[in-house]
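Take these sequences, add in the hints, and give me the full structure.
For reference, the chains in residue letters:
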Amino acid sequence: MRCDQARVLMMDRPEERRRRGGQGLAVHMETCEPCREEFSRVQLVAEALGAWGDLPVGDQQRAACVARMLSGGTLSAPREVVAGPWLLPRRWHVALVAALAALIMVLAPVGLGIPGISAEIGHAFNSIEQWKAEGTATPPLLSGPEGSVCNHIEVWFARPDRLHVRVDDGPSGPLYALSRDGAETLSFDPHRLVSGSLESEAVGLDMEGLFSVQEWLASRTVLDAPVRDLGLEQFGPRTVRCIQITPRDGWLGAEQAGAPILLRVDSETMLPVLLETSVRGSVIVLDFQYGVEFPDTTPPGSGGASEP
Amino acid sequence: MSHKLDMSLARRCAERDPAALEELVDEHYSAVLNFVYRFTGVREEAQDLAQEVFVKALGALDRFDGRSSLRTWLFTIAANAARDALRHRRRQREVTPDEAQESQLAETPDPSPDAGPEVRAVRTLRSALVRRMVLQLPEAHRMTVILRFYHDHSLQEIAEICGCSVGTVGSRLHYAMRKLNAIVDADRDAREEFDVAEGGHCS
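From first to last, the protein sequence lines are chains F and A.
With the first letter of the first sequence counted as 1, position 120 gets the number 120 in the numbering used here; the numbers rise by one all the way through.
With the first letter of the second sequence counted as 1, position 109 gets the number 109 in the numbering used here; the numbers rise by one all the way through.
No wet-lab data here; the hints were simulated from the structure.
None of the values given here were measured: they were computed from a predicted structure.
Each residue gets a CB set at the ideal place from its N, CA and C atoms; glycine is no exception.
Check before you lean on any hint, since a few could be wrong.
[What the hints assert, rightly or not] One side only, chain A facing chain F, incomplete, derived with CB under 10 Å:
| no. | residue |
| --- | --- |
| 1 | L5 |
| 2 | M7 |
| 3 | D26 |
| 4 | L129 |
| 5 | M133 |
Following this line, the structure appears as structure tokens:
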């Protein structure tokens with residue numbers, strides 16, 4: 001058995017591993033140290049994934065589902081009222097809420113002393129109406145970020161003495177964020193990586209800001225960091241140029257400092273495809289372009305969809 | 001559930017037998033809800049979607065041929081519905097994953113509610129980290145991870161649900177697990193910090 005076959009098999013359920021891999025997998029794992037390590041790592045990650053628990057489901061929800069089925073789907077889906085972010089589809093809503101939030105920040109020294117503005121930890125508002133009803137609304141004076149593609153505003157109070165405002169554009173993450181005292185006004189671009197910490201989203205890696213790949217290859221840009229062109233390689237269906245970058249201090253968190261970054265860009269478009277680094281023997285993918293498949297090393301199986 | 005029982009339940013549901021519909025929902029609603037929730041990241045959207053999946057399934061039950069299990073068949077419909085919802089969301093730009101919404105995390109049932117506040121706080125942070133990292137995976141990879149590790153589907157079943165080869169499922173999982181390695185590192189660091197700061201154990 002080859003390593004690539006073993007690494008697919010090790011992802012399967014134990015009974016499937018035994019059925020499909022048989023003795024071949026066991027023999028391979030005994031003799032292949034990298035695959036053993038990989039398997040151990042997979043098990044650790046699988047165990048860690050369990051930290052995100054299931055949503056509870058009540059009898060009421062099940063009954064609502066049955067009722068909707070019996071009505072032929074004509075009943076509207078009853079929803080539970082939960083504390084949630086503001087999900088506002090229109091841009092003027094976004095601007096309005098941004099303005100309200102920004103005003104609170106301007107008035108923060110006074111405002112935070114008013115009961116109702118300092119929300120409890122984890123408390124969120126379902127609507128502007130609820131916010132108003134709780135005495136926290138203020139008239140809009142400022143406009144939101146112009147021309148942004150944001151579609152989601154979230155205001156929350158991470159601590160009783162601290163206000164955060166984030167404007168997201170979906171999977172790309174925060175576009176715009178403000179802190180309570182106004183000293184920390186941050187502006188984000190789409191496709192910028194943000195750190196995993198809710199409290200330090202200012203720390204990010206701006207791929208556009210690092211350098212322009214095209215300009216660098218055309219020798220029009222001199223980088224202030226050592227960069228080496230490692231040449232072309234195949235990444236799935238794409239031919240990519242692999243570039244090794246040694247980051248400056250401050251580009252990444254302390255944990256990644258000093259670790260070289262490998263940037264793969266599409267050889268034709270020069271758009272970044274994959275950005276990864278390696279820390280303590282683990283490969284950490286820093287950014288990844290949607291729609292790029294990991295190279296498939298196994299022959300296609302016979303699995304077909306049984307969708308109606 | 002065996003093939004024979006699946007076929008019997010499907011037939012009774014197709015006849016709009018209320019008891020059979022209840023049985024179908026009792027058996028599969030929770031799994032479908034959690035699947036679409038983890039894929040879309042938005043709880044309210046997931047509740048709508050889960051119901052929609054069952055309505056669609058009911059309309060198509062007469063075409064259920066038993067080649068796959070009823071569960072796999074339902075997940076195939078759920079996967080398509082969830083992908084469509086994300087596509088629609090991208091077009092409309094109306095809802096985003098509420099990854100930072102701590103209040104939702106607080107609603108997740110605690111397996112040991114008697115645990116102290118520090119332990120519960122650490123669990124909440126771990127849950128938030130995992131959730132964030134899973135939601136950051138590309139869609140195809142996220143779906144395979146959810147199906148494999150949250151719903152214990154085999155690679156063959158995932159291939160059927162996603163409409164791709166087993167090899168593709170394997171390579172997607174392989175890539176996703178490399179990316180999710182960071183969870184283990186962060187988890188270990190958090191445990192070390194917690195142990196140092198509190199002299200406690202967070203597992």
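Exercise. Under 10 Å, Cβ to Cβ, is where A:L129 needs to be relative to chain F, so tell me if that hint holds or is violated.
Key: Status holds, d = 6 Å.
Practice problem: For the hint on A:D26, just tell me whether its beta-carbon gets within less than 10 Å of chain F. | Solution: Holds. Min distance 6 Å.
Practice problem: Hold the hint about A:L5 up to the distance rule: shortest CB distance to chain F must be less than 10 Å. | Solution: The hint is violated - A:L5 has no Cβ within 10 Å of chain F, the shortest such distance being about 18 Å.
Self-check item: Agreement of hint A:M133 with chain F interface, Cβ distance less than 10 Å
Solution: holds, 8 Å
Quiz item: Under the criterion of a CB-CB separation shorter than 10 Å, is A:M7 in contact with chain F as hinted?
Solution: This hint is violated: A:M7 lies away from chain F, its Cβ roughly 14 Å from the closest one there, beyond 10 Å.
In this structure, the hints that do not hold are numbers 1 and 2, in rising order.
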